[in-house]
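Each chain, letter by letter, is given below.
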Amino acid sequence: MSILVYLIPVALFLGAISLLGFLWALRSGQYDDLDGAAARILLDPEDTKPKP
Amino acid sequence: MSCCAPGSEDLAKALVALPTGEEVAFAARDMGDGTRQVELSVPRVHCAACIHAIETALGKLDTVERARVNLSTRRVSVRWRGDGLPPVVSTLDGLGYPPHLFDDAQDGKDPVLSQLLRALAVSGFAAGNIMLLSVSVWSGAEGATRDLFHWVSALIALPALAVAGGIYYRSAWSALRHGRMNMDVPIAIGITMAYGLSIYDTWHSGSHAYFDASVTLLFFLLIGRTLDHVMRNRARAAVAGLARLSPRGALVLFGDGTRDYRPIAEIEPGMRLLVAAGERIPVDAKIVQGASDLDCSLVNGESAPLAVAAGAEIQAGTLNLTGPLTLEATRSASTSFLAEMMRLMEAAEGGRARYRRIADRVSAMYAPVVHLTALITFIGWMLAGADWHQAITIAIAVLIITCPCALGLAVPIVQVVAARRLFENGIMVKDGAAMERLAQADAAVFDKTGTLTLGHPRLTNVHEITPRLLGIASALAAHSRHPLSQAIAQQGGGAPAPVFDEVKELPGFGMEASAGDTVWRLGRANWAADDSQESGTVLTRDGKIVARFAFEDETRAGARAAIAALKAGVGPVEMLSGDTEAACRRVADELGIDTWRSALLPAQKVERIEELALQGRKVLMVGDGLNDAPALGAAHVSMAPATAADIGRSAADFVFLRESLAAVTTARDVALRAGQLIRQNIGIAIVYNIIAVPIAILGYVTPLIAAIAMSGSSILVITNALRLMRAGRADAGKTRQVTEPATA
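Protein chains in written order, with numbering that gives the first Met the number 0: chain D, 0 to 51; chain X, 0 to 743.
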C-alpha cells in the first residue's frame, strides 16, 4: 500500500489546482455575467474588438 | 436594428424621463487615469444582438474608451476620456434601449455571493475528497491505512469548516446573541461536535470518523443557501434596474444668471429651479414663471392632470408634462412630501417585523428537541453502564443524524423554485418570508390610479368622431406629451395627417395650429372655442367645436378577473384611493368592487389597513404611488407594479413587471403551492427522523449509514420541491407566445 504515499498527495494536489482555478476565475470576474457569456459566443470576434 | 425592443412591450411602461446629461455626469466615477466611468441600467437588453448593437454604437462615439454590456444585470458600463460626457444617453435611446440610473447601493459586485461561491467551492472540494477516502474505509481499509485516511480527511475538513462553516457559525452566533434560535444553531453545533469527536477517535485509532458527514452536510446546505441568494439577487437587480422616478438633482438658477446642476440634498428653500417638460419636480416648490400640466398620479392618486400656472404650490414627485417651469423651492428635500412619506412608512412598519418565518418557527421547536434527545441518549447510555466515550459517540450520532440537512433544505429549496417560477412570470419577490405571508393573506386592498388602472387615459368615443377630424386631432396631439394628447395620438395613428404651417403648445390649455387661414385648436373647451362654457376636451376650427373627446382611465388587463379570483379565494377586496369619488365609483363598478373609499390621504390609507389588522385580517396591499408607500409598509404583505414610485417599489414585497393584474393571483397561487410543498417537505424530514432517530439512539448508526440517510432525505426533499418547477413549465408553455423572453 506504499503507493498511497504518492497517490493521495497527487489526488489532493490535482483537486487543489482545480479549486484554485475556480477561485481565481471567481475573483477575476468571470462569473459576473453568466447570461452575457452565453450570448457573446454568437458575436463575431472582430465586432467586439476595442477601438485602436 | 434590434430584434428585441418590440419584444419587451409587455414590460409595464412608465412615463419616464431619460436621465439628463448632468445626472449621468454626476453619477460617473473618476477612474484615476483621466477616464470616467458610469453604469447605466438598460432593462431592454436581452440577447446577443442587443449586446452587439449597444457596444458597437457606443464604441463609435469619439471619447468612449470602452463600453461593456452585462446581460445578467442588464447594465452597460461606459468609460470615456476627459470631462465632457459623450452622448451616451441619446445614443442608447436612439437604439431603442432607454437607459436610466440606478441606486448607488446596488452598485458594484456582490460580496455575499462571492463569499458563498468560495465557501461552496471549498466545501465541495473537501466533501468530494473526503468521500473518496471514506469509501476506502467503508470498503475495508484497516489499521494504519485507515488511520492515515482519517488524518488526511481531518486535514481536508479543517479549511472547509473554517471557510464554509464560518457562514453558519456567524449566523448561529448572531441568532443566539439576540436570544433567538435559527436552523443554523443545530447545524453549527452538530458539525463542530462531529469534527471534535472524530479527531479524538482518529487519535485513538477508532474505527469510525464523521469527517465526511460534517463536510457533506455543509456542502448540501450551502447549495441551498447559494441558490436562494442568487434568486433573490436577481430579483433585487431587476427591481433596481427599473427607472428611478425621483430626480437626483435639479438645475439651479442663481441670482447672477448662472445656472448649475446641484444634487437634491443641496437644494435650499428660496433657490430658483428650472424644470423642463418631462422632468419630475425635485422638491416642494412654488411656480414663479411658466405654466404647465402636472401629472400627480404617483403623488396623490388623482388620474386627471392638473393645470398649473405662476403662483401655484406644487409637490415634489409630480411630473411636469407640457411646459418649462421656473420654481422657487419652498422646502428642502429632507422636509418635502417624499420625506414625510418615509416618516409615515417607518411609523407604520410593524406587522411584518413581528412575522417569524416557518423555518425559524420549526427550528425553534426542533432544535431544543434534538439537543434534548442527544442529551437523554448520553445520560441513558451512561446509566446503562456504557463508558463515557461510547455514550458520547452515540449522542453525537444522534445529533448528526437529526442534523436538519433535509429540514435546512426543505424550506429554502421550495422558495428558490417558487421564486424562479414567479420570475418567469415577470414577478420579483424580495424574500422567501414574503411568499409565506402572501399565502396567509385573507383580505386585499387596492389602490386605484396606476394599480387597478394604468394611470393613463384612453379615448372612449372613437366611433363618434369623423375619421378625418380624428386624423387632424391626432396629428396635432402628436406634438404634445400631455397624457390626453397621447391618448388621441395613439387612436388616430392610421388616418392621413394634414399639413400644418405652425404648431404650438400652450401649457395648461392645449395645442394650436394653423393651416393656411384656418386655425385648429385642440384642448380645453373654454379656451379652444370662442364662446363655450362647457368643460372637457374638444377640437375646434376657427373657434367652432367640430369634435368632442371623452376619456377614461383604462383599467389594467386582467383586473376584473383578478378581483373576482381574490374575492373567491382570499376574502374581502377593498379599493382605497386618493382620487375623486366619481372616478372611484366608475372603476369600482366596472371591476365589481363593493367596498371603496375615495379622496383618502396617505395616513388614512394606513389607518384603514390597521383597522383591518385589528379585526384579525392579514391584508395584502397592492399600490403604486408615493401616497401608497406607507400603506404598503403597514400591510401584512404588499405588491407594487414596476411603474410604482421608487419608495413604493422598495416598500413592496413583490414587484410585477408586466401590465396585467393577473400577476396578483399568479403570485398568490404560487405562494399557496409553495406553502403546501414546504409543509410536505417538513413532513418528510419529520418522518425521516422518526425512523432514523431510534436507530441512532440504539447505537447502530455508523458513518456509512449517516451518509446514506442524509443524502437520501436531501434528495427526496429536493425532488419534491422541483415538482413546483414542473407545474411552472407547463404553465409557461401555454403562455409562451405572449410572454416577454426575460424580465431581469
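Because the hints were derived from the structure by calculation, they are not lab data.
Take the hints with a grain of salt, since some may be wrong.
Computed spacing ranges between beta-carbons, pair by pair [claimed, not checked]:
#, chain 1, residue 1, chain 2, residue 2, range
1, X, D441, D, A36, 56 to 62 Å
2, X, A598, D, L42, 54 to 60 Å
3, X, K285, D, L42, 52 to 58 Å
4, X, A563, D, L22, 50 to 56 Å
5, D, A36, X, E553, 37 to 43 Å
6, D, I40, X, E553, 40 to 46 Å
7, D, L42, X, V111, 47 to 53 Å
8, D, L22, X, D255, 54 to 60 Å
9, X, V111, D, I40, 38 to 44 Å
Taking lysine to any residue and the SDA-like style, the derived pairs with C-alpha atoms no more than 25 Å apart in a straight line are [stated by the list, open to error]:
#, chain 1, residue 1, chain 2, residue 2
10, X, K59, D, V9
11, X, K429, X, L226
12, X, K59, D, R39
In this text, a Cβ means the ideal position worked out from N, Cα and C, and glycines have one as well.
Cross-check of the supplied hints:
1. X:D441 - D:A36: 56 to 62 Å: violated (45 Å)
2. X:A598 - D:L42: 54 to 60 Å: The hinted range 54 to 60 Å holds for A598 (chain X) and L42 (chain D), with Cβ atoms some 55 Å apart.
3. X:K285 - D:L42: 52 to 58 Å: About 53 Å separates the Cβ atoms of K285 (chain X) and L42 (chain D), which means 52 to 58 Å holds.
4. X:A563 - D:L22: 50 to 56 Å: holds (54 Å)
5. D:A36 - X:E553: 37 to 43 Å: Given a distance of about 41 Å, which is inside 37 to 43 Å, the answer is holds.
6. D:I40 - X:E553: 40 to 46 Å: The hint (40 to 46 Å, Cβ to Cβ) holds, given that I40 (chain D) and E553 (chain X) are roughly 42 Å apart.
7. D:L42 - X:V111: 47 to 53 Å: The hint (47 to 53 Å, Cβ to Cβ) is violated, given that L42 (chain D) and V111 (chain X) are roughly 31 Å apart.
8. D:L22 - X:D255: 54 to 60 Å: holds (58 Å)
9. X:V111 - D:I40: 38 to 44 Å: violated (29 Å)
10. X:K59 - D:V9: Answer violated: K59 (chain X) to V9 (chain D) is near 51 Å, above 25 Å.
11. X:K429 - X:L226: holds (14 Å)
12. X:K59 - D:R39: With Cα atoms ~19 Å apart, K59 (chain X) and R39 (chain D) stay inside 25 Å; holds.
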